[in-house]
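Those protein sequences? They're chains A and B, same order as listed.
So the mapping is simple: this note's numbering equals the position in the first sequence, first residue as 1, plus 363.
So the mapping is simple: this note's numbering equals the position in the second sequence, first residue as 1, plus 316.
Source of the hints: derived by calculation from the structure; they are not laboratory data.
Below are the DSBU-like pairs computed for lysine-lysine, each with C-alpha atoms no more than 30 angstroms apart in a straight line:
hint : chain 1 : residue 1 : chain 2 : residue 2
1    : B       : K382      : A       : K437
2    : B       : K476      : B       : K498
3    : B       : K476      : B       : K401
4    : B       : K398      : B       : K486
5    : B       : K498      : B       : K354
6    : B       : K476      : B       : K382
7    : A       : K393      : A       : K369
8    : A       : K365      : A       : K393
9    : A       : K369      : B       : K486
10   : B       : K398      : B       : K382
11   : B       : K354      : A       : K437
12   : B       : K398      : A       : K437
13   : B       : K401      : B       : K354
14   : B       : K486      : B       : K382
15   : A       : K365      : B       : K498
16   : B       : K498      : A       : K369
17   : B       : K476      : B       : K398
18   : B       : K354      : B       : K382
19   : B       : K486      : B       : K476
20   : B       : K398      : B       : K354
21   : B       : K498      : A       : K393
22   : B       : K354      : B       : K476
23   : A       : K437      : B       : K401
24   : B       : K486      : A       : K393
25   : B       : K486      : B       : K498
26   : B       : K486      : A       : K365
27   : B       : K354      : B       : K486
Using C-beta positions, here's what the derived DEER-type ranges look like:
hint : chain 1 : residue 1 : chain 2 : residue 2 : range
28   : B       : R339      : A       : A416      : 19 to 29 angstroms
29   : A       : E392      : B       : P340      : 32 to 42 angstroms
30   : A       : A416      : B       : F377      : 25 to 35 angstroms
31   : A       : R434      : B       : M317      : 16 to 26 angstroms
In this text, a Cβ means the ideal position worked out from N, Cα and C, and glycines have one as well.
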Amino acid sequence: MKLDCKHVWGFISDYIDGSVAPELRAEIEKHLEHCEICSAILDSTRNILILTADDRTFELPVGFSERLHERLAKELEAEPG
Amino acid sequence: MTEPEIIARVLAGERNLFHDLIRPYERMVYLTAFSILKDETEAEETAQEAMISAYRHLATFRAESKFSTWLVTITVNAARQKLRKAKRATMESIDERQETAEGDFTPAFLTDWREIPLAALERGELRDAIRAAVAELPEIYREVFTLRDVEEFDVAETAKALGVSENVVKVRLHRARMLMQKRLVPYLKTAAPPKRSWFGRKS
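All chains should be modelled from the sequences, with the hints used to inform the complete structure.
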């Protein structure tokens, strides 16, 4: 099977997650070796995911934890034992 | 103390241990609620309610599933319920929740960006851009993307929490990632470090 760029794009997400079958993975890798466009798309997508998962990208609002535990404490007290 | 031990002790009457039980999941619960509600105040309120609901129903938790999956499922349901109640959302959500193959799910091209621009992340610009891009995703893609790529749940847990099949998770995730890539490429280009000249270091 010969993969063209459009085929490869369809598998980028599964490829990143390591969930494509080994034969297909090999085909994709063969394509990536000589295709700069697809390599750059793969790298940029992967890098976006690394940045997205960085704890600093999505943070809790200031004071969230304190307010949560305060409210929980009231609930825990109120509950009959 | 392991998680099952804490749960057993809370149920046996050491109620205050519930604080410790949920501490590792505060961010997860908040971000899940936020991915559905897109509003900080409502997400915080929903996160609190989901935690209280988890406490009240702790006895129904079955150890064959992970506590995190159970907790996030409660959160998803609480947030969706809130969204349904909110009048402003009723009209939008009907349209927005429909699965559509429309929209441009092809990636954007770039050839000159390979580095992870950590410096840009430090400055916060890229973080803002990523948050804005996630907020712009249609709801069905935003939910999946948040669980998989922000909170790093696996496909099976994500499917369970959202009440969809694993295949649906994969399809939506792919589309979400392509939309993110397309939306963020301009930022990645400007964040790229300057290329070194042929003669070595840039002055």
